[in-house]
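> Spelled out, the chains give:
Protein chains: 4
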Amino acid sequence: MKKRKYSIYRECQGRENLDKIPVAVIGATGAVGQRFVALLWGHPWFDLRVVVASGKSQGHIYRDIASWRLKEIMPEGIGEMNVEQIHPKTFKDKEIKLIFSALPPKIAKDVEMDLASLGFFVFSNASANRMADYVPLLIADINPDHLALVEHQKKTKSGYVVTNANCSVTGLATALKPLHEAFGIKSVVVTTYQALSGAGYPGVPSLDITGNIVPYIQSEEEKIEVECRKILGKLTDSGIEHSPINVYASCARVPVRDGHLESVLVDFKEDVSEEEVKRALSGYEGLDNKTPTSPKRPIIVTEDESRPQPIFDVYNGEPERARGMAVTIGRIKRIHGKIRFYLLIHNTVRGAAGCSIMNAELAEMEGYI
Amino acid sequence: MKKRKYSIYRECQGRENLDKIPVAVIGATGAVGQRFVALLWGHPWFDLRVVVASGKSQGHIYRDIASWRLKEIMPEGIGEMNVEQIHPKTFKDKEIKLIFSALPPKIAKDVEMDLASLGFFVFSNASANRMADYVPLLIADINPDHLALVEHQKKTKSGYVVTNANCSVTGLATALKPLHEAFGIKSVVVTTYQALSGAGYPGVPSLDITGNIVPYIQSEEEKIEVECRKILGKLTDSGIEHSPINVYASCARVPVRDGHLESVLVDFKEDVSEEEVKRALSGYEGLDNKTPTSPKRPIIVTEDESRPQPIFDVYNGEPERARGMAVTIGRIKRIHGKIRFYLLIHNTVRGAAGCSIMNAELAEMEGYI
Amino acid sequence: MKKRKYSIYRECQGRENLDKIPVAVIGATGAVGQRFVALLWGHPWFDLRVVVASGKSQGHIYRDIASWRLKEIMPEGIGEMNVEQIHPKTFKDKEIKLIFSALPPKIAKDVEMDLASLGFFVFSNASANRMADYVPLLIADINPDHLALVEHQKKTKSGYVVTNANCSVTGLATALKPLHEAFGIKSVVVTTYQALSGAGYPGVPSLDITGNIVPYIQSEEEKIEVECRKILGKLTDSGIEHSPINVYASCARVPVRDGHLESVLVDFKEDVSEEEVKRALSGYEGLDNKTPTSPKRPIIVTEDESRPQPIFDVYNGEPERARGMAVTIGRIKRIHGKIRFYLLIHNTVRGAAGCSIMNAELAEMEGYI
Amino acid sequence: MKKRKYSIYRECQGRENLDKIPVAVIGATGAVGQRFVALLWGHPWFDLRVVVASGKSQGHIYRDIASWRLKEIMPEGIGEMNVEQIHPKTFKDKEIKLIFSALPPKIAKDVEMDLASLGFFVFSNASANRMADYVPLLIADINPDHLALVEHQKKTKSGYVVTNANCSVTGLATALKPLHEAFGIKSVVVTTYQALSGAGYPGVPSLDITGNIVPYIQSEEEKIEVECRKILGKLTDSGIEHSPINVYASCARVPVRDGHLESVLVDFKEDVSEEEVKRALSGYEGLDNKTPTSPKRPIIVTEDESRPQPIFDVYNGEPERARGMAVTIGRIKRIHGKIRFYLLIHNTVRGAAGCSIMNAELAEMEGYI
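Residue numbers (this note's numbering), protein chains in the order written: chain A, 1370 to 1738; chain B, 1370 to 1738; chain C, 1370 to 1738; chain D, 1370 to 1738.
Same shape as in the complex, but just chain A (with noise of 0.2 angstroms):
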């Protein structure tokens, strides 16, 4: 091992070509498919090898398949690469373990599923397996401990499945957490200004959206609870008791292309300053040992009244800061008693294909994979 860049974390450990992890993305294409291979690509860790689409991809190279939709160019490597079917046999051939899923709900549910009972490592985004009993929902630098729920996949299937959480969420849950630990929280209302990405590619058509709001999202405010309280759970030998926090949610799209904004109302256990609170926040420091995706600091608190803002802040101030993986935190402020803020995640970064990538950083330090 040794000292290298790195994209979003800079001063984390590198390993030299021959030590890094083979890995494998599947649903490649789409837009979170997309962001997995952009935040894969030159990872110190992790070296991508595979690249999985759906079958009417099969042989063309990942340029011709993909609809590239990220403001970052396409890494030149990537674009040659072939794109493959699921088979283990594609995996094993390539001595791959450790796979990143980007699939499509309906068909994640079982495909991540056999992956583990044929003992992969499967680290998802899809929404179908997380508030399965065993299955971590994880953000590392906020949960890290759920991590060892894989322990009871282990018991029955010789991988397991690992899922980040939604991108809403994971930006209320990064924000609670450090809060609900400090003062115990009771409620939370929370309000989101979320980006066209969220809803993939092709994702809203431009005659829904431009010049307007759309104050629906299909099954949102639901996962906004469910799993809000499984993340801010406590895990026991049986699994995650799930925390009891009432959680109130309203959701809507908004003509932005990356960041979720979220106005967010705390009714906390016991009385709690402004001041407080600005600590609690700016003070929280994640995962001791940083991995190289997770941030120095999760949280990052702006005092001016005015942010934050999706176009300025989604990454955290490029390219000094942390690159999409931290979620700023503005206009906090104490009205009858309660705490409201308004938090700005960046949706397809920290909330779904940083996560993930982070997540299986976690692992391969803890020694899961």
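Not one of these hints is a red herring.
In silico SDA-like pairs for lysine to any residue, Cα to Cα no more than 25 angstroms straight-line:
id, chain 1, residue 1, chain 2, residue 2
1, A, Lys1463, A, Gly1446
2, A, Lys1458, A, Arg1432
3, D, Lys1555, C, Gly1706
4, D, Lys1647, C, Asn1615
5, B, Lys1523, B, Glu1610
6, A, Lys1555, B, Asp1640
7, A, Lys1440, D, Ile1701
8, A, Lys1638, B, Phe1637
9, C, Lys1475, C, Asp1502
10, B, Lys1524, B, His1611
11, C, Lys1665, B, Gly1448
12, A, Lys1478, A, Glu1733
13, D, Lys1638, C, Pro1613
14, C, Lys1425, B, Ser1675
15, B, Lys1425, B, Leu1439
16, A, Lys1707, B, Lys1555
17, C, Lys1707, C, Ser1675
18, D, Lys1638, C, Ser1556
Everything labelled a hint here was simulated from the structure, so no lab data went into it.
Given the coordinates of chain A, work out where chains B, C and D should sit on it, guided by the hints.
Okay, now just chains B, C and D, sitting in the frame of chain A:
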């Protein structure tokens, strides 16, 4: 009087030209001033005789001064009107007693009160005098009894000032009034998605908002609480007893031209079902005696799970229905004992100029003009 | 027949319901189909009796099938209509001979010709048959004489097909016709800024176009030249002799809902002044005998140096004027002996459904129906 | 001197801090001023020592004065710099001879010339002095020989003024230079789609442009022709002999943040094929000796039929490539003997501040500083 068609409320009785009440608009060239002018042109009761703008506009016709920003074409006759200064003599020469004000707040405070002292009836959209003790903060079809507050002003002045409320508050108070009457409200959490026209012209720079959300509107959150409490307050002999409802407001600007969308969560004093809320909202009838501008029903409840949306609903279904004078409400849902819904208000029609015109119509019907 | 008001062209004579001509719309649920339906509802001459959509829509009412994307509210009566299949018997049972087609091109080609063979008069927005030898590519107030081309079709069929032109071409040809007649045109350079609704629904994904311009629309540049040459061509005994005008077209999609803007540079055969061009454009009267949909003047010239603009001019000054059936032209300027101007056309009204309805009205007036 | 990494052009030799050339930016808080500041921070040759803004800004630090509108985070060190006034003494105290100007045109005209008289080397983005006889209108990698024009200024002044061109012209002239050299150009038709940042800040009001296109930019069309002729002109003993190329320009503002897109149609003196054009464009190498800011190749030709697009191409594929200093060209097509293409330029990087910085680098290499 004879029956005539009118663009907003068709079934109302109009008047022959000779019977119409002469009116002026001051601050006529700004965003709200333009809306006043557009709505008053062809009004069945009022005759727009004078448009007033700041000193620099003297000696010009309206067309050359106003940067017309409405999608509706500028009525021909208005374009040719001379722009006047605020001189009581000008108003008196044209037999005007009724004045609509779209002045900027700083100027409005004294000018409006001075005009009232001189015997004019001022219906204002400016925020400056809204919270003054004896100034009705009036939404004619929501708190019509508050109009009587002008009796207090008349003790010391020959005229009076009546104001409409902030655009966001008007939407909120419209929704809350029937609910508060029916069930009693303890507190309200409101999060807004506010349109660009709410900031006037030139208003929000395009570089601030294109592809972006700005979670901050100066003083807006404070106004929402205090104005809401006054509108829902009780008229007593000594003035308005403000309602003790707690309001938790969070406000953001979004890249939409017209129509403020608001997510609302209501905590009632008793247990209330979704059905009861729908009935209370859709059954609310507003003014018993309709005026030209007052809508048939101030609230339209939609069952479409993805509505209301600014682009499609801001005019409440053009051109047959309320043309921007009704509030559209959808996504009514009971969550953990509270009621959540989304509402949409046309911020420069019902939320500004349209409301003041409706207020003046009520005053005329009640014999105050 | 008695005089009645009509939304687009008010001074036209309407008909009693019993005298109206029964019509159907096929492909009624898409973006252009919706526009057909909205414009035909309440039409003074035509009675919309049947709406047709693809097989899956059978047994449903229109409201449940169409993803209504117009800002205008769906007319109540239409929402309740049953959606039918393309069966000659259905049309005959309702005494329909006149059919408006908004079918997708692939299906349109044969279906429209088959319907013509069965004796129906098909007025189509589909591109499939536009360049067929004996099919008039008709803009009723631009090349009305081309309608006579249906006589050729009648030799082999009992009905016929008439098409309107591509939306961009309709704007361009409208502007060029009076200029070509007056001065003779050698060549034209046209660069477009095309609205989202031109791509139908779901059409352009929001991630492609939000905050972006896409300088490519499939086949559009080719269509502009060939269709323009046919429309400006001469009717001869053996068909249309296409005009030899050279057209240099460049097409881009922009984030605007409705209204194609086009920058046009015309090279005339002789020397022409700005004033001559303005006179030729603003003096063009279109059809001698107006039909309900044909505008008073097909071209509105604006002197405002920053117009036409889609948001403000697409409806030609709502609601008094041409309601989307006129082309607005501005910024006429002579540069190095050529003439440059900008034009704006409502791409789904005059540029699509509105044009076909106007074409059918002409056919009715000329005795072809 | 030692080799160091640089954000825009990596293979260039940097300098130790002591060897760097002290520079100032005047008009440092506006949109282009901010871009100057962002690009100069960390520059390998230049050391930004003074930022100047209008009188009201005195006694404040940069962070508190500039409404920072770039997506890139404001460099920490700059935020803390004191904002100074335009005093020759201030510059002399800090040993500054090289000044970058982003002054508004009205002020720029005299101030820049006065500074030149006092011995300063002024590299300006202002339009005021661009067409002055002995002022080079310079794009360093397009017409580097024009820099010698400063010799004329030096006859009467101890310093000089060099300007970069209008943002749209810079894109156009970059594309035309290699084509004019290779084949000879008779005339050019250019139609633009210009970004919001081109109008500065606050610039275009959001109500003017949201969901809209404005086909008018004051004086822009005139500038395009005259500046293009000067840039493509010939350096002679008595000054620049302007090129006689006819330019037909039509300009519109579009709702895009950064990146001017231009549709271009070129009429050559001889017959030229698409392939010849592609070779001439993609083979153009620009400066023989690269400077830190000059791109490896000033023109990138894309074969993607739907590119260039502002969102994806404005930075020429970040971060590996030209970072906004190259022009991307696509959709090259031969039509009736002429050549049509679309080009994209980053209007505030290559089109403004980046170009003046590259110009100053050339001056330094050529011994003019």
